[in-house]
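> Could you put the whole structure together from the sequences, leaning on the hints where they help?
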Amino acid sequence: MIRLEKVKTDPVETLKRHAEAIGEAVRQAIKPDRITVEYPRERRKYPECFRGFIVFDKEKCISCFRCAQICPANAIQMEYFENAYPGIDYAKCIFCHFCVDSCPTGALNTSKVHDVAFKAMEEMRLSTKQIAKLPEIVREEIQTVEYYVDRNTWKLVRKKELDSLEVPPKPVKVKERKASCIEPESCIGCRLCANVCPQNAIKVERLKATEEGGTGYILKVQTEQCTGCGLCVRQCPMQILRLEEVGE
Amino acid sequence: MEEYAIDIPVEPPKELRSLFIPIPPDYVEDVYKSDDFLVLVGPQHPGSGHMRLIVRVKGDIIQEVIPDPGYVHRSMEKLAENRLYIQNIPLVERPAIMDAPNFNLGYIRAIEEALDIEVPERAKYIRTMLAELGRVGTHLYDAAILAVFMGHTTGFMYPFGLRELICEALVRVTGARFTSSFIIPGGVRRDVDDSTFKWIYDMTLAMERRLKSFERIFVKNPTVIARLKDVGVLTKEEAIKYGVVGPFLRASGVEYDVRKVEPYEVYDELAWDMPVSDAGDGYSRLLVRVNEVGQSLSVVRQCIKQMPEGRVISDQIAEKGEDIRGSFYDSLYDLVLPSGEYTTLTEGARGTIIYSIISDGESNVPYRVRIVTPGWLYLRGFMESMKGERLADLQAIYGSFGYFPPEADR
Amino acid sequence: MDEFIDFVRGGPLGPIKKWGTRWSLWPVHLVTACCGAELAHAFACGYDGERIGALNYGIARQTNLIIVEGAITRKMARVLRVTWEQMPDPKFVIVMGACGLEGGLFWNGYHLVKPSDVVPVDFFIPGCPPTPEALLRGIRQLQDKIVTGEAKTSATFSEIMLEQGRKPRVLPKSPKKVSKAPAVLVNVPKQVEWEFGEKLVEELKAKIDAKSITITGKNRIAVKVERDYIPKAALKLRDMGFDHVKNVNVVDVPNEDKFIVEYHFSSYSVKELMPVVVNVFADVPRDEPEVKSLAKIFPSADYLEREMHDFFGVVFEGNPWTGRKFLLAPDAPEYPLRKDFKLEKEVYVR
Amino acid sequence: MIDVFQILNYFFGIFSSDMMDIPLIAPIVDYLMQIPLLNILVALILWKPFFAVVIMPGLVVLTLYLLYIVWYERKLTARVQWRVGPLEVARPIRGAIQALADGIRYFFQEAIVHREAHRPYYIQLPILAFIPVLLPILFIPAGSAVGIYTPYSIQLIVTFIALIPITIVAIGWASNSRFAYIGSVREAFMYFAYEVPFIIAVISMVFLYGSGDAYVAVEKQSAIPGALLNPIAFIVYIIAMLMATSRLPFEIPEADQEIAFGPFVEYSGILFGLVMVLAYEKLYIMTLLFTILFLGGWSGIYCPLLGDLNGPLWLFIKSIVVISILVIVRSIYARYRLDQALRIGWTSMLTLSIIALIIGGAVGVWLS
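Chains as they are written, first to last, in the working numbering: chain A, 1 to 248; chain B, 1001 to 1410; chain C, 2001 to 2350; chain D, 3001 to 3368.
These aren't lab readings, by the way, just hints derived from the structure by calculation.
For every residue, glycine included, the Cβ atom is placed at its ideal position computed from N, Cα and C.
Errors might be hidden in some of the hints.
Claimed, not checked - Straight-line alpha carbon distances no greater than 30 Å define the calculated DSSO-like cross-link-like pairs of lysine-lysine that follow: (1) B:LYS1198 x B:LYS1229; (2) B:LYS1241 x C:LYS2199; (3) A:LYS155 x A:LYS45; (4) B:LYS1198 x A:LYS155; (5) A:LYS119 x C:LYS2114; (6) A:LYS58 x C:LYS2199; (7) B:LYS1198 x A:LYS173; (8) C:LYS2236 x B:LYS1124; (9) A:LYS16 x A:LYS31; (10) A:LYS175 x A:LYS119; (11) C:LYS2176 x C:LYS2114; (12) C:LYS2271 x B:LYS1241; (13) B:LYS1236 x A:LYS6; (14) C:LYS2236 x C:LYS2190; (15) A:LYS220 x C:LYS2167; (16) C:LYS2199 x B:LYS1236.
To be verified - FRET-style restraints, in silico, Cβ to Cβ: (17) C:GLU2256 x A:THR223: 44 to 54 Å; (18) A:ARG41 x D:LEU3064: 26 to 36 Å; (19) C:ARG2238 x A:THR153: 21 to 31 Å; (20) D:ILE3270 x C:GLU2163: 25 to 35 Å; (21) B:ILE1061 x D:LEU3350: 21 to 31 Å; (22) A:GLU123 x B:ASP1193: 29 to 39 Å; (23) C:ARG2324 x B:ILE1061: 18 to 28 Å; (24) B:GLY1059 x D:PHE3130: 43 to 53 Å; (25) A:ARG41 x C:THR2156: 17 to 27 Å; (26) A:SER164 x B:ASP1193: 34 to 44 Å.
Take a look at the structure:
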């Protein structure tokens, strides 16, 4: 524990402090430690993990709704094209990138675009069509700036080359998964899973109620059509569906 | 000294009625009859944040200050009851975005305590490092605001220049300048590579050197000392009585720091000291925090030096793989806390942050989340400390408390 | 507003007016929420907005730009409008931060207002908080707007071709599971190794006439008392060395028709008691929510009680502020934290 | 017609009898003097009293100085503060016309007169405030050029400077707002705090030179500048100057974070532009006096090419250098509290000024 002394204010000490303060200011005035990034003319180089505008890759998307459901601001809402794809409302987006981390296939990726001013709020509600490509922003900069630290001082490194705002997609380590039913006999035949499945991969068939204990329905997942989105798993009121990993 | 009263009938100004003033009209009348003067400071005032202070002055001496908070009340506690546990992570850091890691950490610790999650060592060290970076950043922010409240623009610019480094460090680790949302139940979102750690290590050293400039021009500036010394004094007894927290409590001589009292993460494994001052005035509040910045930078360095290898996310959360990327939703959306109340104390930069999560044991949304922020806790002490000071001291005391309305209002 | 742009550009002195206004956009000091931190960064030495002629200045009368920094609450909306009215024409507004646009994280909160409903806005900047670069980009775009006379979004989003599909009959359900009849217990016992705690519980049992005393975790004790007994329990605790209230909490349990009122006591003066948080709570009927205030005994509880009164309508008898709103705006909904006050639900499909 | 011609001729005679003799532009002047009607204009401009008051160190230079000092202050502050300062408005000249842009913006902004204000005074006072600011220029001699010569010029300048705060207090009163009221009270308090030591410091220099005549003062400094003759008065004058012009650390009446620019809180548009430059103008006038009293006034290396322009130019250069050094205090200090500033004014500065008075008397005897 450090117990701080009460500050002394005798005239000698005060004069010394005056001198120190003036000395510091004069030193800076003569040789300034300037650290300004002159933004429109220069751009900070942000690391690859920077959380900026989101770029969407339609090919990888399995319409699993995870991004829409994890979004704390409800900024992502799915739109139905040939499949359900996310659209982002940047008027709500808080750039937490929970969606990017939630995406099991890496269809959502970050970018270093962050400095955009919109003229109207309607324009900020971007549909899937608009987020599929990196937005082209107004760039006035002639160089990039990076903070460089050495032990004695720290300064800005300026480089003439311009930074690419695109971030290469990182592979996701999640393995491919398929839905399967762990207790087909418990199915109550509500057909919620079959109706919610974007691939129509689930069939619920009615059995003749002959077997004892059975509910009279059987649930079949056609694995070759299943993309592993897990919507059925989350929809099932009986929780008898699971996502299981397939392959290596 | 004899007081002279001039018997001129004074009418309370009419505009006080049309403006929304939360004090009763007879109070206003009483003020005007007793020859006092009401000064409304804020919410749009160059020397106040987003709150209104209704100051009753007699001459130049403040008689009473009535706070009018809530200008940034964003209904956080209600919203937290309507979202998944995991979705609340960005929400709970919004009260004070410069102190996001600490606010985040308190909430996550409450969840982890409920679910008995064992956090890997490496994650603990990264969390501690982030929390301390947040603390440094917040103290610098508050020092800057204090400086600008006293008209010292250089004292404003230097800490914000240094904060750029903190932001850069946070960007390199988490990807965002302020609101990192990096700490999740069971660990952290991503592993951090060695080059980033080295950058941060060097940064702390470079920062200490620049902090000396700041000390010479602001902290030890005679005008600053003159403005803050013996101003807004809270004695030890008063500080305890009004429930002041954090560095402001320590400035009044109470040796209380949650990191020492109830150590969490890896604070008990690191060597650091708790600065305490007995004066309880504005200057000691500044000085305690300046000293804490030094301590925190040393903690950051120790964290990086002792950083163990291993996973950054507990296997109770992510069974396979070290990275939460891709399985974030599946691992975390369905957290259901066992029934009960889970209260954690966390030492944020401005003081004790209390999270009290009440779960009903069946839902994956909390039944009630109570967030008590340091700003809200020391507001009373802050108001009391202004009594009897001069009107010009209001800003100095305001700054010395680093009062941040979004934090207090939530 | 476009008429200001027209004024700046019009007339024989147009070019001079345009030039002067363009390079002298001074934002007023109107901090509305936490985006102010990034605004400060944009005008501090890291980015230095003064470079492009924008100097952050004191009050509305001498400036011509409002930067709305994030959330505008019901209380602040009035201030924003007043500030805007105070400002001499021509004046411009930039809104930064998600909270100021559609509400961001707080989109379904009960205390938020959209700034675009309050004042005419020239530019919107997304982010939470936006980076300083984004804010400077907003000012830059405003400069361009003054020069060219038309607003331009600083990015173009090129579209890909996609065919519109049909919504299925069943939409995926929300991941939220909310218990229909929740059993809310705040004193669930927990097994912990805490010798001092057991001693403390014994001491408490001897002193306080409690219904139950439970250890709910390391350093946490829950004491259930009758509601009228709270002040007496508080006095007893004060004698034991618990010298401040850390938290006042109310939990609304509509299905049991009660409120749970909690006081969290802790100590600053006794070293052993410092980490201990004693939760003294009592059940209060929902139709007659009255508790005796502790504000006299523990001044630290004062503001916390006022806040709980705002949120739940629990009356703390003896609190000087009871009956008036403290934290909430005068036009805020009544008792918003009660469970029967519902918020808008999330929508996952457009 | 003849009458007009005669009158013009009469004035031409007055003007041309006492013209600035500047060898550098002599050929041009000679050429222009041959053109009728234009010659009277040239003669007027170069007429020494007119030149001193309107051109240099008077109004024209004052305007240029205002543009320069606002920019320079911001730029120097920025430099100390690790940043750049105004730049993009004119990048090749480092943003030097930033103050012009701000001025133009103010000029074309709406000037609001709020309901509570005392309307006539509210509008008139910013303009009236220029009278006490500009009157001293009449009496400030610059070399051979002087508006009105009087052997009591120093006393007169001090008198007019003392009038300025009255207008500021009146501005605060006319604004009729809480913060304006507090600001006016503060201004009034500060006025007494600095004015007494300031006047005593000036009187000590008058004692020292044995005359209130600026010419005598400058002449007596030909060997040793006044700053060395009476360093105590020098220090008191500098501090009083900071106080009088509301510079940090004594920016108490305006204190934007405390009372939101005090008396000027309600002003907007061009009216604010006028009141904002008041303090800078006051600084300029006080620095001119400072230069005459302590830094040898207009004496400097004589450049034969410039002739009579030498005096005004040296005076101006010295003042600008002094101001440029002084504005750095803005980036060093925080604001004192009112009572602290009053204490400084009434105790240490008053004591110092009385010591300065004694030194002034003693040195004055020695000099004579």
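> Each of the hints needs a verdict: does it hold here or not?
Hint check:
| no. | hint | result |
| --- | --- | --- |
| 1 | B:LYS1198 x B:LYS1229 | violated (39 Å) |
| 2 | B:LYS1241 x C:LYS2199 | holds (26 Å) |
| 3 | A:LYS155 x A:LYS45 | holds (14 Å) |
| 4 | B:LYS1198 x A:LYS155 | holds (16 Å) |
| 5 | A:LYS119 x C:LYS2114 | holds (15 Å) |
| 6 | A:LYS58 x C:LYS2199 | violated (63 Å) |
| 7 | B:LYS1198 x A:LYS173 | holds (27 Å) |
| 8 | C:LYS2236 x B:LYS1124 | violated (39 Å) |
| 9 | A:LYS16 x A:LYS31 | holds (22 Å) |
| 10 | A:LYS175 x A:LYS119 | violated (42 Å) |
| 11 | C:LYS2176 x C:LYS2114 | holds (27 Å) |
| 12 | C:LYS2271 x B:LYS1241 | holds (16 Å) |
| 13 | B:LYS1236 x A:LYS6 | holds (15 Å) |
| 14 | C:LYS2236 x C:LYS2190 | holds (25 Å) |
| 15 | A:LYS220 x C:LYS2167 | holds (23 Å) |
| 16 | C:LYS2199 x B:LYS1236 | holds (28 Å) |
| 17 | C:GLU2256 x A:THR223: 44 to 54 Å | holds (48 Å) |
| 18 | A:ARG41 x D:LEU3064: 26 to 36 Å | holds (29 Å) |
| 19 | C:ARG2238 x A:THR153: 21 to 31 Å | violated (54 Å) |
| 20 | D:ILE3270 x C:GLU2163: 25 to 35 Å | violated (60 Å) |
| 21 | B:ILE1061 x D:LEU3350: 21 to 31 Å | holds (25 Å) |
| 22 | A:GLU123 x B:ASP1193: 29 to 39 Å | holds (38 Å) |
| 23 | C:ARG2324 x B:ILE1061: 18 to 28 Å | holds (27 Å) |
| 24 | B:GLY1059 x D:PHE3130: 43 to 53 Å | violated (33 Å) |
| 25 | A:ARG41 x C:THR2156: 17 to 27 Å | holds (21 Å) |
| 26 | A:SER164 x B:ASP1193: 34 to 44 Å | violated (21 Å) |
In terms of the numbered hints stated before, the structure departs from hints 1, 6, 8, 10, 19, 20, 24, 26, listed from lowest to highest.
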